[in-house]
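Between the sequences and the hints, there should be enough to build the whole structure, so can you do that?
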Amino acid sequence: RIYPLMRVTLTTSDGASVTVSRQLTKHSGFIEKAITDMAVDDNAVPLSAVAVDVDDATLKLVIEWLTEHRDDALPYPEKTDEERRADDIPAWDQAFVQKWDTKEDQQQTLYAVITAADKLDIKGLLDMTCKTLANKINGKTVEEMREILQLECDFTEEELAEIRKENAWCEN
Amino acid sequence: RLVSAARQNADNDEEEEKEVDMTMSLNPDIPSIDNLTIDGEYRDYFPILALPKHIQDLVFSFLPIMDRLALAGVNKNLYKIESESKYYVEELAIVEIPFIGASLSPMAEYAVKNYKHSIVLFENKSYSSDFIRRIAHNASIGTLRIIARDSHSQSNMNTSF
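Each protein sequence line maps, in turn, to chains A and B.
Take the first sequence: its position 141, counted from the start at 1, is 141 in full-length UniProt numbering, and no numbers get skipped.
Take the second sequence: its position 67, counted from the start at 1, is 67 in full-length UniProt numbering, and no numbers get skipped.
Label-pair restraints from in silico Cβ distances:
1) A/Gln98 - B/Ser83: 28 to 36 Å
2) A/Thr11 - B/Pro52: 17 to 25 Å
3) A/Glu152 - B/Met66: 20 to 28 Å
In silico BS3-like links for lysine-lysine, alpha-carbon gap of 27 Å or less:
4) A/Lys165 - B/Lys86
5) B/Lys86 - A/Lys136
6) A/Lys136 - B/Lys76
7) A/Lys119 - A/Lys136
8) A/Lys119 - A/Lys60
9) B/Lys53 - A/Lys60
10) A/Lys26 - A/Lys60
11) A/Lys136 - A/Lys103
12) A/Lys79 - B/Lys53
13) A/Lys79 - A/Lys123
14) B/Lys80 - A/Lys136
15) B/Lys80 - A/Lys123
16) B/Lys76 - B/Lys53
17) B/Lys53 - A/Lys140
18) A/Lys123 - B/Lys53
19) B/Lys86 - A/Lys140
20) A/Lys119 - B/Lys53
21) A/Lys140 - B/Lys76
22) A/Lys119 - A/Lys99
23) A/Lys165 - B/Lys76
24) A/Lys33 - A/Lys119
25) B/Lys80 - A/Lys140
26) A/Lys26 - B/Lys53
27) A/Lys123 - B/Lys86
28) B/Lys80 - A/Lys79
29) B/Lys53 - A/Lys136
30) A/Lys33 - B/Lys53
Just so you know, the hints here were simulated from the structure itself, not pulled from any lab data.
In this text the structure is predicted, and so the values were computed from the model without any measurement.
Even for Gly, the Cβ is constructed at its ideal location relative to N, Cα and C.
Okay, structure coming up:
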């Protein structure tokens, strides 16, 4: 039973507090569990605060996404062994990411939103942001991947030869 | 952010700055979230190794096979993560074809057109079967289709990985 008018106050890791509708928080497994654990009357308005380990700026983005996705089906469809793809991000979500995933931002916000979606257990947002990350890597050469991820090659010559042998089929 | 705070605290003495840098990153493979280099240049990168394992697995699961294997070739950490992470594809075709210059033969074109995931082997090159083992080990594949040029019949292997 969800009471759409019921509101939940969230306190952020940097001391801010935001009050949002239960219609949004029902998509967060973490917040729903916190409310259930409190065992308060579902009609209580507002609830006592739920502390989230997310900073204010990131939480604002999460709330913006949740507001757009408030009517998404619940529970979030369980992932099966079916094929997975990253090219099916909805247009609104793509535009939402483009607003803050800029060159100047250097993917720090993407990192923050991915970890926030994980901590708050918002499966739709976690999937979408991980697909966004996969799309950054998709189609790049190994060298370009090293550049994007700032990782050094630490294989020995022998190991590199072994990997080349393993991947010979996908090289020209 | 930690690094920049530490950098502010450290004075210009080079020795001291080196010491600070060493204590900052216990695992040199995990980049800090601070994307500023020492000389103040911006770097655009994503700290993938700083993510929890289950999120890394999720990212890998959204990548096509070739990109996954390329990512595994980036460094040892990613190689290990990739080898433990599951594949999600419905069908995989392995096709052996004669090598005709740089262009794809009709057979390879057929495979590429008809199967979303196809691996093309050229007859005159030798291959290690390790990659098939590697994919099969973690794969969730409905059908693995192997089309060898000499055998006109196609062999299908329905797998239950």
